[in-house]
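Colleague: Protein chains in written order, with our numbering: chain L, 273 to 741; chain S, 273 to 741.
Check each hint, because a few of them may be wrong.
One copy or two, either will do: identical chains are not told apart, so a pair holds if it fits within one copy or between any two.
Stated by the list, open to error - The calculated lysine-lysine pairs, modelled on DSS-like cross-linking and capped at a C-alpha distance of 27 Å, are:
hint	residue 1	residue 2
1	Lys293	Lys521
2	Lys641	Lys530
3	Lys701	Lys682
4	Lys498	Lys281
5	Lys641	Lys695
6	Lys281	Lys444
7	Lys444	Lys735
8	Lys672	Lys738
9	Lys327	Lys482
10	Lys482	Lys684
11	Lys276	Lys334
12	Lys365	Lys276
13	Lys725	Lys444
14	Lys498	Lys361
15	Lys735	Lys410
16	Lys721	Lys482
These aren't lab readings, by the way, just hints derived from the structure by calculation.
Number of protein chains: 2
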Amino acid sequence: MAAKPLPPKGTRDFSPVEMAKRNYIFQTIRDVFCLFGFQQIETPAMEMLSTLMGKYGEEGDKLLFKVQNSGDYFKGLTDEELLSRDAAKLASKFCEKGLRYDLTVPFARYVVTHRDEIVFPFKRFQIQPVWRADRPQKGRYREFYQCDADVIGSTSLMNEAELMRIIHEVFKRFGIRVCIKINNRKILSGIAEYIGEAARIIDITVAIDKLDKIGLDGVNQELADKGVSPEAIEKLQPIINLSGSNAQKMRTLRTTLKSSSIGLAGIDELHELLGYYQLEDAEVDLTLARGLNYYTGTIIEVKALDVEIGSITGGGRYDNLTGIFGMPNVSGVGISFGADRIFDVLNQLDLYPSELAFGTRVLFLNYDKEDGIYCSLLLTKLRSYGISVEMYPDVAGNSKKQNQQLNYAKAKGIPYIVYIDRKGMPDPKYRLKREWKMTLYHWPTGKRKTMHKEELITYLQRKHQKGRI
Amino acid sequence: MAAKPLPPKGTRDFSPVEMAKRNYIFQTIRDVFCLFGFQQIETPAMEMLSTLMGKYGEEGDKLLFKVQNSGDYFKGLTDEELLSRDAAKLASKFCEKGLRYDLTVPFARYVVTHRDEIVFPFKRFQIQPVWRADRPQKGRYREFYQCDADVIGSTSLMNEAELMRIIHEVFKRFGIRVCIKINNRKILSGIAEYIGEAARIIDITVAIDKLDKIGLDGVNQELADKGVSPEAIEKLQPIINLSGSNAQKMRTLRTTLKSSSIGLAGIDELHELLGYYQLEDAEVDLTLARGLNYYTGTIIEVKALDVEIGSITGGGRYDNLTGIFGMPNVSGVGISFGADRIFDVLNQLDLYPSELAFGTRVLFLNYDKEDGIYCSLLLTKLRSYGISVEMYPDVAGNSKKQNQQLNYAKAKGIPYIVYIDRKGMPDPKYRLKREWKMTLYHWPTGKRKTMHKEELITYLQRKHQKGRI
């Protein structure tokens with residue numbers, strides 16, 4: 273036989289068991305989004321490259337999957353252009369569409385496209401795959417799902433608080449203990465001002481962001497390498513090392529940054545946000561600086577307490593997302609759940625609900641050509657009560673094939689099997705057995721229930737109503 | 273402002289209202305698939321072009337969306353090759369991946385990739401988008417969802433009957449009256465033999481397939497144009513015009529095709545299938561010939577009785593799907609629901625359930641800066657009962673902004689609004705009102721309920737339990 277065909281590098285198939293787990297994750301997140309009044313939208317997998325290019329930096333442009341134009345994509349190209357072999361430049365001639373890289377830019381495009389239909393503030397969520405031509409590696413895929421919720425068209429910090437409560441509720445439902453870290457871009461600006469390095473804010477926050485990974489000495493070294501003065505680094509130390517309760521941290525900061533109006537504005541925002549949020553799992557963390565080029569106010573990041581895995585959810589406020597499409601001055605704030613990492617955490621902590629049943633509850637064995645005709649209406653009846661049942665489609669002509677049917681039940685995790693005892697025809701008896709009580713390859717000799725058709729229906733229906741099947 | 277950015281031609285955004293309808297369609301189909309013991313899988317949007325090419329005919333190859341290789345996609349190409357401007361040939365150099373064109377070929381690839389993990393018969397379903405570079409036109413899109421269920425690794429006709437019962441159940445749940453038309457490729461072969469034109473079976477069935485569109489004369493003309501002899505056309509007439517009950521049709525056919533062993537085998541299969549199926553909405557239709565190059569046994573097609581829209585679901589048996597990937601002799605049978613057409617039919621017949629509620633049930637108005645802090649825990653409490661509630665995030669500083677909040681409730685279809693009467697602080701009263709009883713732009717003067725916090729919680733919880741909110 274030829275080599276097995278595989279899906280493209282960095283992409284994955286999802287088996288029935290994986291799908292059951294993934295559906296549980298998506299459904300939980302979706303339920304919570306809806307509970308908070310967010311509405312679902314979907315956008316196409318492909319966007320115009322003019323929509324995508326230039327939104328993710330130069331590196332991002334390279335990581336876009338570009339889709340070749342249909343028909344004659346050479347049209348209008350001179351020999352010189354072709355022979356230049358300029359891959360990046362010619363890509364924009366060969367391709368006018370690309371696969372979406374995230375859900376945020378398509379959402380911004382959606383808002384501008386549908387601006388006349390949307391009533392703001394618009395609270396939308398979106399759960400769809402995105403594609404990135406990253407080098408595949410453990411835990412990093414070229415196709416993966418994002419689960420985003422954003423509020424656009426409102427500057428109120430209540431939105432941040434609501435998004436944090438969504439995070440709290442989602443992880444409560446998953447049973448994952450988390451810490452929700454928060455910071456504010458304006459405080460970072462204030463700090464840069466305070467240490468006299470306002471122009472180097474990007475370098476400073478990029479360095480601070482690595483505290484977890486490279487430690488305090490590493491951060492200080494990187495700051496020095498970037499040309500931050502020794503005095504500034506010295507002044508920065510108490511801020512990096514800031515500890516205590518959220519209230520204590522903010523009191524200290526308010527004193528330290530008293531001469532920076534932007535810093536004080538950031539502290540005020542953080543204070544107001546915590547006033548709305550009122551739950552214990554939020555922690556002010558000044559070393560949090562993700563996506564700084566992008567966020568303009570609150571920054572949010574979630575860490576699992578019991579697993580070392582990095583951020584499992586993140587987000588923040590951005591002040592001019594739709595400006596790139598000619599609709600300025602619309603403020604937004606959003607979060608994104610990392611479905612793949614949550615999948616891993618739930619696996620590691622073994623937190624999937626045990627009743628994550630995703631299949632057939634009863635298998636009817638098929639040992640005689642007439643069984644299929646005979647059971648047709650019985651299967652329909654049981655299904656009408658919501659019980660997922662099936663009959664093995666092929667008749668077992670010998671004992672090997674009979675074992676195949678038991679094997680099928682075991683492999684699919686079907687808890688009950690029914691054998692039709694045709695001796696009593698036209699009123700046969702039904703033998704019902706829990707699959708796990710059987711020895712595979714031997715029809716069970718242990719205790720089993722033998723019933724007439726109506727008894728079987730009533731019995732299974734009652735079990736189903738009680739959730740015991 | 274610049275021109276509105278749009279999604280690519282032939283693709284669509286889905287608004288919250290459309291998503292609610294689409295989710296209802298997908299969830300209904302998914303529920304029924306699960307009830308019948310089918311298990312969900314997903315495959316990546318991209319497949320290797322080596323997996324996709326040559327599976328859909330020459331025309332299909334052209335309609336594949338091809339994804340450009342990352343990095344230097346010119347590598348190894350000579351100047352001559354480049355300057356040949358051979359779009360099709362160079363596409364295979366520039367691109368090694370493409371977007372899936374349907375769910376069937378990726379499924380076949382999945383079965384072969386995972387052959388060692390799968391216990392056969394494998395009953396899988398898959399609900400994912402597919403992409404085709406077709407010329408966009410009304411009702412035809414470049415991105416659309418398919419909802420497929422297939423059984424692979426079983427030759428039993430009970431599978432066909434189960435798939436037909438799935439169709440029956442799905443459309444029963446939708447409230448769409450349908451006719452399930454069935455035929456068998458072997459009968460078509462038998463007919464071609466009987467009229468002495470066995471070699472022209474493709475031409476004959478393609479022509480017969482158009483009976484609905486071009487009428488009997490048109491079909492006969494096309495047959496003549498294809499070189500089918502007048503005698504053969506003459507012999508075909510009683511078969512095209514065959515009428516009566518399924519049993520009558522099969523009796524007549526059995527006599528007519530008595531000398532064709534393949535024809536008789538087809539009639540036997542149809543007879544056995546109807547024995548398993550036992551419902552009234554199946555109709556033997558010899559003019560049904562869809563996807564003939566592909567199907568080898570049963571052919572299924574579903575028409576809505578009350579809307580002119582063509583086929584809304586179809587499928588059939590194929591005997592060697594995985595053979596193209598080096599795994600021969602695996603028989604399969606499958607169906608595919610056309611989600612876009614079902615969407616249109618449900619719209620036309622106005623069959624969406626009225627309780628297709630997809631959003632917030634109660635909006636808390638925000639008329640004072642303290643309201644947000646004050647209501648934080650109240651919102652959490654109501655959500656803990658499963659009631660979807662939200663507070664308008666921005667404080668209304670004047671009456672215009674107050675009207676904006678009522679407008680928001682109306683636009684989102686939120687049935688209840690709550691106003692916090694702060695006069696009684698710290699124990700304010702809550703005024704609850706059904707939104708549709710208000711005149712917009714005026715706070716309602718009509719009847720309303722005024723309650724303390726605990727009363728409000730109890731009142732809404734009871735309403736919610738009774739499903740009246």
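Colleague: For each hint given before, does the structure comply? Return the numbers of the non-compliant ones in rising order.
Modeller: Of the numbered hints given earlier, those the structure breaks are 1, 4, 6, 8, 10, 14, 15 and 16, listed in rising order.
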